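A.B. asks: Below are the chains, spelled out letter by letter.
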Amino acid sequence: MLPLLISCNSGTSTVGNPHSSTDTVEIRNMKFTPDSLVVKKGDKIVFVNRDMVVHCVTAIEGDTWTSGALPTGALFTLIAGKSSVYYCAIHKVMKGVIIVQ
Amino acid sequence: MSKLKNAVLGCFSAASAFFLAVPSVNAQNPPKLSDPEIAHVAVVANKIDIGYAEIALQKSKNAEVVNFAKTMSSDHQAVINQAVALVTKLKVTPLDNGVSKKMMADAEKTKAMLHSKSGKAFDKAYIDNEVAYHKAVIAAVETVLIPQAQNAELKELLQKVDPTLKAHLQHAEMVQSNLK
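From first to last, the protein sequence lines stand for chains A and G. Numbering-wise (our numbering), the first sequence opens with residue 1 and increments by one. Numbering-wise (our numbering), the second sequence opens with residue 1 and increments by one.
Don't read these hints as lab results, they were simulated from the structure. Fair warning: this is a prediction, and the values are worked out from it, not measured in the lab. Cβ coordinates follow ideal geometry from the N, Cα and C atoms, glycine included. It is possible that part of the hints are untrue.
Computed cross-link-like contacts, DSS-like style, restricted to lysine-lysine with a CA-CA straight-line distance of at most 25 Å [as the list claims (entries may be wrong)]: (1) A:Lys95 x G:Lys180; (2) G:Lys120 x A:Lys92; (3) A:Lys92 x G:Lys102.
Which residues of chain A face chain G? A few of them, derived with a C-beta cut under 7 Å, are [what the hints assert, rightly or not]: (4) Asn29; (5) Val48; (6) Val53; (7) Ile90; (8) His91; (9) Val97; (10) Val100.
Ranges of calculated distance between the beta carbons of each label pair, as one might list FRET restraints [as the list claims (entries may be wrong)]: (11) A:Ile60 x G:Lys160: 49 to 59 Å; (12) G:Lys101 x A:Gly62: 26 to 36 Å; (13) G:Lys70 x A:Val46: 21 to 31 Å; (14) G:Ser116 x A:Asp35: 34 to 44 Å; (15) G:Leu179 x A:Lys41: 34 to 44 Å; (16) A:Lys95 x G:Gly98: 39 to 49 Å; (17) G:Leu90 x A:Thr64: 42 to 52 Å; (18) G:Gly119 x A:Pro34: 38 to 48 Å; (19) G:Lys160 x A:Gln101: 54 to 64 Å.
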């Protein structure tokens, strides 16, 4: 099954930087792995749901963005704008942090 | 005092059902289950929690409790779907057994207890039961179902479900502390 690509920009940066890098955060076993990322503004962060349940990656501090419902296999791409703390809005015990330098 | 005793017993009856399902069963003397029986127990355990969530969605006015119940309903249905897909693939028919029967019988008592409550008393009873139930199911999965599963894919599915159950327990405990 091909993963469903869902992209949702934060609104703080919509132009891709040709020199940006891409990091991947796996959602697996009810955790974000890695749960802490240090990136540069404009870098891409791809969240991929490897769990059997639906997740929803959502900023709770520092920035405003959300993936919406992410079924198994779905991707969410964030262009790094501001440092933020995020969680899964469905499973609120799952948390992570993005530090934008 | 008897009402309190009944409420506590009701909360814990489903949670302890697994280990009381077979006489003298404990972690040192678990029931012996075949793979078809394990599959049946796994599906029943998930269906029971969906049943509890449905009551919460009918009765609770607390946003946190309702959000939690929706998550339980969705997640446990996802697990059932995975289990059904696996047994279909393996051409295994889940087999009813004494453990499943006891779990369902005790769940009916818990549901009756939940239906008898309303307002904050209901919210507390529902979440208290969710904490206890998930603790019991996690113990059953880790000490009985996973070790006894013979089929590698069934074992792997149970191992994948374990973190979900633990996250549910953490979430239930968080809601429980917010209700105090």
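A.B. asks: Now look at each hint and say whether the structure bears it out.
C.D. replies: Status of the hints after comparison with the structure:
no. : hint                            : in the structure
1   : A:Lys95 x G:Lys180              : 24 Å, holds
2   : G:Lys120 x A:Lys92              : 22 Å, holds
3   : A:Lys92 x G:Lys102              : 32 Å, violated
4   : Asn29                           : 4 Å, holds
5   : Val48                           : 16 Å, violated
6   : Val53                           : 5 Å, holds
7   : Ile90                           : 5 Å, holds
8   : His91                           : 5 Å, holds
9   : Val97                           : 18 Å, violated
10  : Val100                          : 27 Å, violated
11  : A:Ile60 x G:Lys160: 49 to 59 Å  : 27 Å, violated
12  : G:Lys101 x A:Gly62: 26 to 36 Å  : 52 Å, violated
13  : G:Lys70 x A:Val46: 21 to 31 Å   : 27 Å, holds
14  : G:Ser116 x A:Asp35: 34 to 44 Å  : 42 Å, holds
15  : G:Leu179 x A:Lys41: 34 to 44 Å  : 41 Å, holds
16  : A:Lys95 x G:Gly98: 39 to 49 Å   : 41 Å, holds
17  : G:Leu90 x A:Thr64: 42 to 52 Å   : 46 Å, holds
18  : G:Gly119 x A:Pro34: 38 to 48 Å  : 43 Å, holds
19  : G:Lys160 x A:Gln101: 54 to 64 Å : 35 Å, violated
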